[in-house]
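Participant: Here are the chains, one letter per residue:
Protein chains: 2
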Amino acid sequence: MGRVKRMERVVALTKILVDHPQHLFSFSYFCKKFEVAKSTLSEDVLAVKNGLELFGLGRVETLAGAAGGVRFVPGRRVENDNEFLEELAVKLSSPDRILPGGILYITDILCNPQIVFKLGEIFLNRLQHLAPDYVMTVETRGISLALLVARAFNVPLVMARHDNYITEGPTVNINYVSGSSKTIRTMALPKRVLQPGKKVLIVDDVMKGGGTARGMMELVSEVGATVVGKAFLIATAEPEAKLIGDYTAFLRLHDVNEEARKITIEPIKG
Amino acid sequence: MGRVKRMERVVALTKILVDHPQHLFSFSYFCKKFEVAKSTLSEDVLAVKNGLELFGLGRVETLAGAAGGVRFVPGRRVENDNEFLEELAVKLSSPDRILPGGILYITDILCNPQIVFKLGEIFLNRLQHLAPDYVMTVETRGISLALLVARAFNVPLVMARHDNYITEGPTVNINYVSGSSKTIRTMALPKRVLQPGKKVLIVDDVMKGGGTARGMMELVSEVGATVVGKAFLIATAEPEAKLIGDYTAFLRLHDVNEEARKITIEPIKG
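If you read the protein sequences in the order shown, they are chains A and B. Under the numbering used here, the first residue of the first sequence is numbered 1, with each subsequent residue one higher. Under the numbering used here, the first residue of the second sequence is numbered 1, with each subsequent residue one higher.
Rather than coming from a laboratory, the hints here were simulated on the basis of the structure. Errors might be hidden in some of the hints.
Which bits of chain A does chain B cover? Going by a derived footprint, with three or more residues having C-beta under 8 Å, they are [to be verified]:
#1 46–57
#2 97–106
#3 163–177
C-beta: ideal position from N, C-alpha, C; glycine also.
With these hints in hand, go ahead and build the complete structure from the sequences.
Facilitator: This is the structure we're talking about:
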């Protein structure tokens, strides 16, 4: 490779850092890649840091010492997050989302990569202090959201299933009562995915009664791990009494009125 | 905002572009955001383009004219993709992945955000010419992979289910024969997610007999859309005769030998 200009290095450095949120790169990794001395790299890192922070696009952290290095931490501005949630609430209020039985249709939102990508960073912004080792969800609809939350935290996703599958190996199973429908369901967690003592953040798309989340909490404690947080894109206002306490939600769904064709949903601002 | 240095603008521009693969931003969007003239922005865009291309981190395309603008197209070097697939094959060859019945455990790979993120770009690299309007998969295990492929193409994900769910609205249903187990299963696609005439790329984690993929193809044609490609992370060598033709796979699984505790899997290089 011929002589590389500083601007080109900084562009490449930005791309690599932001593509690997929370991943700690050693300085020597980049010094070798860009064939520069550490002092030059430090200047480049500072340029990335300044550019990102100036426009509210995240932070760059440097850690000194032998185990040190540089990492990108996604961090949107709180006002941008609030604005995004407001727009999402407007989108979700569209009457054509009302399904029979007063169900709110949200699958398209969860299948939109750009939206769940942003939501992943919004979840991180509000829950960074929890520092989970894993993000956990249960199939199916919340998987895409939970995956992007896991990406923002740079931790693996753990997926509970509603049944035993030959593809998952031995599982721990529990029965739980679905809070809204009062039916008994099974939830299975592959034994190999979660180790005792690890910290787990539970993520799901919608929380109504909290029965499903309660089931996930039981699975986590069954394997000797710890739930450090429960986070949901949407929590319903009714029932007021939930089967779980102390949760985080980003949108509050007050009402889906089939007759009046009206959805009442509002952002819960940070 | 005070006077912004060029380097800081270029960092922010890089971050915004790479966070929105394939999304066409108008020049005026960035001119307004950075408070610069178009000539200055053009120089900034060129710097991003040069930096990314020099290090094989993707392309920046500019389109002239009123409907023009700038977009980032993920594009890894083919040798990097091949190297990544080789490493993945080594990882998947570990004997502790053998589950009873000669099943290969891969869920952890599909739940690793960094791995599926890279796989999304690798799928794009090889299948860019298909230009799908949608990526489609069927629950459950392939969802995370399909979502990141959809992100790389900047199109929505469409998710078929194995049952009817009240949360999905009216569905089109088909019965299909699972190629490997010879059992009859149901697959349901919400009517509202796919419009006639649209181009669909089918994505799944593993293809054995091809029955599931065939089921998805039928669903797509049932709503009047067109399948433009079928892509799988892993295709098994056996059975040799598949229920579908003309597919793309990135790894070939030859054998899972329970007795000898040996897995034979190889990358299919681009």
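Participant: Which of the numbered hints above does this structure break?
Facilitator: none
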